[in-house]
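Asks: The lines below spell out each chain.
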Amino acid sequence: MKGPSTIVQSASFVAADIGTRFRLVSEPADSKPRGTVVFVPPFAEEMNKSRRMVARMARLLAADGWRVVQRDLHGCGDSGGDFGDASWSDWLDDIDSELSRALDDGPVWLWCLRAGALLAPALLAKRSGADLLLWQPVLSGSQHLQGFLRLHTGARVVGRAPRMGERSPLQRLRAHEKVEVGGYILSPALASGLEQAAFELPTAFAGTVVWLEVSAAHPLEPSPAAAVAIERLRARGIGVESHVLRGPPFWQTQEIEECDALLELTRALLANGEEATVHAPRQGIARGMAPNAAR
Amino acid sequence: MNVEQEVVATLRSVLSLDPAHHRLEANSALLGSIAELDSMAVVTILTTLEERFGIVVNDDEVDSGTFASVGSLMRFVETKLAR
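Protein chains in written order, with our numbering: chain U, 1 to 295; chain D, 1 to 83.
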């Protein structure tokens with residue numbers, strides 16, 4: 001195997017419908033990229049907690065020959081706008097503009113972390129041709145929203161937030177008011193989009209799915225909800241390569257954590273996917289690594 | 001199911017408490033005594049208790065009194081189980 005190649009990273013601001021977006025592209029310095037990996041970030045604090053893992057993955061994949069595109073979504077810190085101004089459809093538009101550009105230029109992996117997976121169905125319904133790389137995907141938007149809003153309850157219990165009168169944050173959102181939870185101003189337009197989203201791939205989807213979970217539990221097995229969703233996809237004839245790795249839930253741990261095994265397996269599966277395509281063996285960790293190591 | 005054991009096990013794992021330094025019994029104080037118990041930890045404890053006991057906690061049902069001590073949290077779970 002050719003040693004890891006040098007990479008270049010270029011940062012820019014690009015115009016969007018409202019304001020500008022920050023965009024970071026990592027790619028090999030001395031060869032044409034073998035394809036594009038478009039990152040779809042998780043929601044709110046999970047995005048901050050996972051920045052290190054995402055940055056490391058982007059650099060490693062670029063060294064493996066991929067162009068990796070990380071676009072900061074509307075209101076997410078590096079891009080223009082406040083979080084409270086962002087809507088679900090803004091975020092769909094943000095990723096769609098990256099996806100459409102990438103699909104003109106070779107194979108594409110849509111790399112979704114956590115709630116990023118909830119944006120994937122609408123994106124893939126609009127544009128076909130991308131494969132799906134899932135890291136600990138969130139399957140139900142309403143559950144995810146509920147978990148996020150619960151931070152308000154947590155803050156109230158420890159005495160850091162007052163009761164919002166008689167109405168819960170969810171009731172206030174339903175009344176078209178913005179709410180502040182966990183340091184984030186959440187707009188009804190974002191919350192309702194999240195709440196209605198579910199990980200249901202469009203019928204036309206014909207790509208491959210790589211589904212990776214990280215767990216500290218014994219024994220290591222997919223979460224029950226993931227197992228059901230994976231079986232449903234396989235029943236539709238979609239090739240799903242699923243693995244569970246031991247590691248910390250780096251997207252939510254108090255301290256910033258990393259999971260090297262997830263980085264390495266992802267590299268191997270993407271390298272493998274390019275050669276073997278579609279139906280990779282289900283228990284394929286060892287076999288998936290082999291061609292990569294042998295080159 | 002032993003409610004005390006389950007509640008203590010949940011607190012230990014969520015708060016990463018070392019048994020050698022933190023004895024957790026029914027009269028052990030929580031809020032104000034254990035620095036690790038922040039708003040995120042409260043959320044994780046509630047979610048974990050829901051999973052372990054198969055209960056559904058309405059967010060309006062909990063306040064600082066619920067998390068005053070191991071005992072108050074146990075009584076809360078017992079009340080939910082009795083319904």
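It should be emphasised that the hints constitute simulated quantities derived from the structure, not laboratory data.
None of these values were measured; they are calculated from a predicted model.
Yeah, the Cβ is synthetic: ideal placement off N, Cα and C, and Gly gets one too.
Hints should not be assumed to be uniformly reliable.
What the simulated footprint calls covered on chain D by chain U, stretch by stretch (three residues with Cβ under 8 Å from a Cβ of chain U suffice, anywhere in the stretch; the number is not a length) [said to hold, decoys possible]: (1) 9 to 15; (2) 69 to 80.
Restraint ranges, calculated between C-beta atoms of paired labels, are given here [claimed, not checked]: (3) D:E4 with U:E221: 39 to 47 Å; (4) D:D60 with U:E177: 27 to 35 Å; (5) D:R83 with U:N48: 31 to 39 Å; (6) D:R83 with U:E45: 39 to 47 Å; (7) D:S13 with U:G147: 30 to 38 Å; (8) D:N27 with U:A225: 35 to 43 Å; (9) U:L103 with D:I55: 45 to 53 Å; (10) U:E200 with D:E4: 16 to 24 Å; (11) U:A55 with D:A20: 33 to 41 Å; (12) D:S16 with U:V228: 40 to 48 Å; (13) D:I55 with U:A216: 20 to 28 Å; (14) D:N2 with U:T20: 38 to 46 Å; (15) D:A9 with U:G77: 15 to 23 Å; (16) U:R236 with D:A9: 22 to 30 Å.
If we take Cβ atoms under 10 Å as the criterion, some of the chain D residues that face chain U in the derived model are [what the hints assert, rightly or not]: (17) E6; (18) L31; (19) S33; (20) T47; (21) S64.
Asks: If you check each hint against the structure, which ones fail?
Replies: Those not satisfied are hints 1, 2, 3, 4, 6, 7, 10, 12, 14, 15, 16, 17, 19.
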